[in-house]
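K.L.:
Each chain, letter by letter, is given below.
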Amino acid sequence: MAEDESDERRSRTSDIPVDLSRERETFVRQFLRKGVELTEGLIDENKELRSQLAAAQRENAALRAQVASDDAIRDLLRKIESLEHERKSLVERSSELEESSRRTEHRNLEVEQELHDLANLYIASSHLHSTLSVRGVMRHLKELLQQLVGAETFVVYLMDESAEEARPVGWDGVEDASALASVKKGEGAVGEVLMTGVPRVVDRIEGPGTLEAPIAAIPLMVRDEAVGAIAIASVFEQKGVWAAVDHELFNLLGSHAATALIAANQYTEAEDAFSALRGLGDHLNPNP
Amino acid sequence: MADFSCLVVEDSPMMRQLLVFALARIKRISVTEAEDGVDALRKLAGTRFDLVVTDINMPIMDGLKLVKRIRSDETHKDVPIIIITTEGSTEDRQRAMALGANAYITKPIQAPQVIAKVKELLSLE
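If you read the protein sequences in the order shown, they are chains A and B. Using our numbering, read the first sequence as starting at 15 and increasing by one per residue. Using our numbering, read the second sequence as starting at 75 and increasing by one per residue.
The set of hints was computed from the structure by calculation and includes no laboratory data. No experiment lies behind these values; they were computed from the predicted model shown. Each hint should be verified, as a subset may be incorrect.
Said to hold, decoys possible - To give a feel for the contact side, a few chain B residues facing chain A, derived at Cβ under 8 Å: (1) Met88; (2) Phe95; (3) Thr160; (4) Lys181; (5) Ala185; (6) Pro186.
In this text, a Cβ means the ideal position worked out from N, Cα and C, and glycines have one as well.
Just need the whole structure built from these sequences, with the hints factored in.
P.N.:
Below you can see the structure in the form of structure tokens.
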């Protein structure tokens with residue numbers, strides 16, 4: 015039966031005219047060629063589209079990277095701004111700390127100087143009153159003037175009993191001690207100090223003075239009365255200015271030196287410490 | 075416990091006390107006092123000192139002789155020495171420096187100056 019159908023088809027084909035057959039064959043070939051061309055075109059177009067897609071993806075990635083980069087830059091800028099702010103803050107804090115450190119250092123120096131001044135005053139006071147010998151008190155007084163004040167030439171005067179004249183009782187740096195004379199109350203710089211009880215100290219040390227015109231004249235006071243004076247004619251060359259403690263030492267000498275000398279002088283008249291204490295109780299408790 | 079020991083040689087008790095007060099402001103330092111050069115040598119003989127502060131004008135043995143003796147002593151030849159001088163003793167100061175003193179301070183002394191000099195010689199902060 016299958017052979018019959020095949021034969022029938024062959025017979026039908028053979029029945030088609032030759033031209034038509036060719037035409038059909040040409041058509042089929044053209045159709046197939048165009049199909050191939052179309053397919054190739056589609057393939058090319060597909061390739062092109064793929065290429066464009068890849069390019070677009072690359073561009074997209076680049077843009078994404080750019081955006082990310084911009085964000086990173088913005089983050090970095092923000093970070094830089096923050097760090098700059100922090101740096102300014104640290105610089106300000108550092109300046110404050112440096113200033114604070116300078117102030118502390120300055121204050122430390124001031125404290126050290128104040129301690130030194132207090133030590134000077136303590137030592138001066140304790141040494142003045144550490145002896146009941148008149149010579150001892152005078153030695154300490156002279157040492158104090160030399161070592162603590164830096165006095166080079168000076169004379170200590172004490173009033174005589176008339177209370178009108180003061181005579182030199184101690185000195186140092188004086189070339190001719192035999193030429194030292196008594197000073198009358200009210201006469202000259204020292205006499206004026208003896209009269210008024212007010213110290214005379216030059217503001218600026220511009221060189222040595224003289225015993226008649228000393229650079230410092232300090233009254234030695236007992237209660238409100240000057241019983242003597244210290245005249246400083248010159249100080250050591252390197253001492254260009256009075257230190258604050260010098261004025262304190264002058265005050266201390268003014269109020270303690272005469273008392274120490276009087277106490278030592280009174281004590282020399284006593285036989286011993288016990289006799290020197292005689293009558294003390296009565297003075298402390300005059301109306302038992 | 076002190077890390078440094080200092081010998082102060084000064085005949086004036088007042089000055090000696092002032093120097094001791096100043097040195098006491100420095101931490102980790104102990105101070106021994108001597109009244110003159112001979113007393114100082116006696117104390118140097120038994121102890122190792124890190125620093126000597128000495129006056130120049132002293133009875134019995136002055137500061138110049140003391141500096142010379144210290145520098146000729148094997149034990150103490152390298153110990154730093156500060157001399158205390160007065161204005162009128164420039165020659166003494168120069169002689170002391172020539173004999174081997176390391177520094178000088180002029181009277182009347184200022185504690186901050188003494189402290190600074192001692193710290194410098196002992197390489198303290």
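K.L.:
Each of the hints needs a verdict: does it hold here or not?
P.N.:
Evaluated hints:
1. Met88: Met88 of chain B check passes; min Cβ-Cβ to chain A is 5 Å, inside 8 Å.
2. Phe95: 4 Å, holds
3. Thr160: This interface hint holds because 6 Å falls under the 8 Å limit.
4. Lys181: 6 Å, holds
5. Ala185: Ala185 of chain B check passes; min Cβ-Cβ to chain A is 3 Å, inside 8 Å.
6. Pro186: 5 Å, holds
Violated hints for the displayed structure: none, as all numbered hints are satisfied.
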